[in-house]
Amino acid sequence: MPSFLSRLVQHRLATAGGIVLIVLIAMALFAPWLAPHDPEAVHPEAGLHGPSWEYPLGQDPLGRCILSRMLYGARVSLSVGFLAGVLSLGVGIVMGSLAGYFGGWVDLVIMRLAEVFMTVPQFLLVIAAVAIVGPSFTSVLVIIGLSSWTGYARVLRGEILGIKQKPFVEAARAYGASDLRILARHVLPNCLAPLIVMVTLNVASVILLESSLSFLGFGIQEPQASWGSILSQGRAFFQTAPHVATFPGLAIMAAVLAFNLLGDGLRDALDPKLVEGE
Amino acid sequence: MQQLLSVQNLEVSFAKRPVLRQVTFSLAPGETLGIVGESGSGKSVTALSIMGLLSWPGRITDGKVLWHGEDLLQLPADSHRQLRGSSMAMIFQEPMTCLNPVYTVEQQIAEVLMLHQGMNKRQASEAAASYLEQVGIAEPKARLRNFPHELSGGMRQRVMIAMALAGKPELLIADEPTTALDVTVQAQILDLLKRLQADTGMAMILITHDLGLVAENADRGIVMYAGEVVEEGTVSELFETPAHPYTQGLLRSLPRWGEQQDLLYSIPGTVPRDLGAIAGCAFADRCPLSSVACREQQVMHMLSPSQAARCRMVNAQVKEGVAR
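Protein sequence lines correspond, in order, to chains A and B. First residue of the first sequence? That's 1 in the numbering used here, and the numbers climb one at a time after it. First residue of the second sequence? That's 1001 in the numbering used here, and the numbers climb one at a time after it.
Everything labelled a hint here was simulated from the structure, so no lab data went into it. Please read all numbers here as calculations on a predicted model, not as lab measurements. A portion of the hints provided could be inaccurate.
Stated by the list, open to error - Each computed BS3-like pair below joins lysine-lysine, with the alpha-carbon atoms no more than 30 Å apart: (1) A:K166 to B:K1194; (2) B:K1168 to A:K164; (3) B:K1141 to A:K166.
To be verified - Covered by chain B, according to a simulated footprint, are these stretches of chain A (three or more residues, beta-carbon under 8 Å): (4) 166-179; (5) 182-191.
Stated by the list, open to error - Far from chain A, by Cβ distances over 10 Å, these chain B residues were calculated: (6) P1076; (7) E1094; (8) M1160; (9) E1170; (10) E1176; (11) W1257; (12) D1262; (13) G1276; (14) V1292; (15) M1302; (16) P1305; (17) S1306.
Here a beta-carbon is modelled for each residue, glycine too, at the ideal position from N, C-alpha and C.
Next up, chain B with everything else stripped away, as it sits in the complex:
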């Protein structure tokens, strides 16, 4: 199948400090890809690079971002801008502040419609209500006249989603869309995103640090650590036969239902600060299996047609992981 998006060996530096190294993954139309990783692992930087929103001092130093086979990094800034909001849309973590406080909901949705669907002001105002209805907001006509501060967090995130939909995107990047919301609202928002995806056929990249969200909502997932993709696979592969010691550590850190635990497991050590100083596996310092050979550059090892991990020990690991 023709890939919708294919990121190849993407490298990004912030003021000469590398923050993304050799990030490679792809996404088919309609697919949901989860990107998991802790803070600072490069999840958001990856998303911003795809959108062309990386700002100074961040700079893409190498790699390709292919969109329908065309390299976005070679596009003039203005052409990339026109793709934003129409072909690819993004929603953010902070629904409380992502809406402009001086405009009503109607004006903000209408702006996207005018920008990307060539509507005039009146048409856009009329169409705005149907988008609010689509994202499950009750009394859409009345809500249109509200200012952002009059809405709850969940409502604002719905409005953000409505604005993202208004450009009819093929790809929606959701950067921690529910982190700032409480649990019941989280579930509603994710159900909504799933339903909209089924309705419109758009692909989605779900960026999160919550493994549960990926398990429930994604088709495939990639695990990022210190600016690298350490493991990639279908959701069942990642959760049932994790191959990379980091992925295994993450899964061990989750509390288990019905199990008596005094102290949750945590991976010893912390994330390395200066990635430029690391030549080999970035996880080696915290890894129970590390050896001298891990200090050299690591490559992805294929475990199945869909699963791969950036770990030298991977063959031994698979056997052990299955046995576990």
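Isolated chain A (complex conformation):
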């Protein structure tokens, strides 16, 4: 494992992505100490003021400090992104493994279920589910997590179909490893590289999805902030007060880019076959 870390560090762009993520996570963790103002304190008379010494990133339509709201919003955006990403990865791994490894009717049922999920646009599905359960941090997280497993399951199933034909899987059967052991120890580790890249993309898209939900009022509720809700508030004033939409937009872009760079580096670092070329 140390060699894995050193290979990851050697990957310059991945390191850059990792640093950006660490900074964003630190901002989220230490928001109460870093925020210059109360993120919910309203100053209607100072609405849409641009950046100043007192309000480094300016003020939103209600005069709230955008920097403070973004610091607190990072907590919401990042944790929804991570947790929903991990949840859907977990569901996807279970479903994809069962379908790919055991095949037969298990495969048939799971893949048809995945196709049913994919015929309904995810955004509509999420809105409908949130409308039933009611919008809150937890419901948004769980619903997004449970609705985006299909990509993982399909990619993993395909990988497993290829890997389970490999001679080393048969060799493992020949020395008496059980199905569960073969799946967990021999098949899955050989299939993870594309999933890791998918997680990073997925976390990024979950952050965007949560932003869109918040924009429509189905996501994080006022006065709580997320990057998406700040951005959507700013959209209406983009020509007169561009700072409101720009800064949360940059934050989303930085997070998404950082996740992608890190995923790319992880993929290279986790692949023992690529070490050969060094």
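Starting from the known structure of chain A, arrange chain B on it as the hints suggest.
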């Protein structure tokens, strides 16, 4: 002597097409049995059936596989699995891909030790080096940390053998263990297998299409053709007094040392595709001696206590074969 393994009238079909018919042979503890035959003759399917590794659409339709007198085909799948790797181990043709690319040599040997010798992770890691030493790998401690892609083909096959040994098997099935290796490495691997057999007393089934390997390494051999055992005997019987026309044809096809030959002999015709359509001798279409009677079901004719051939013409053949 109590037989270690006895295969009786084993029949296997792939999606209702028969691929093994009435395969019968046995193996004593410590003995080496060579199984010779061309591609598709059912050598590997026989091995997989013994190991319980036959997978869909392959299915055993009839027969018994007795292991110490107990029928493996009646065992629950999980009990058969526990025998694999501990009582019976198998090494394969492709050493390049039989090792898992994401684990080090140490982790892979240790896994077998943990599965079959009840060791914990630390004990297994410590013991792994001694197995590498046993299979003749230099600097075993350093090699343990290598990933499979860092090893040569011969080294990987040695690692596979070390993993097979780690379960302390009574039977090692080697399915074309040297086909993918170059000739000098082949000889080393076979010497190694012989030495290990002498050290541990395990029996071995050597599956190959190379008659030379059987001549040099096996005690007895069986010749398979189109899913049937066509001849069985000690190695000297098979090579000196082959009785079945197919065995004779195979031996004639070998290049001879010191003999000027422009064109090697080959048996005319090809292996029949659909065994289900053949009632009698599968070799009849290519056989110089075939007659109408060969189209009926054939049985094994004993030629000596250890030699038998599935050929009607066998009595006449023996005389001719000896005279040759």
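Unmet hints by their number, sorted upward, for this structure: Failing hints, ascending: 7 and 8.
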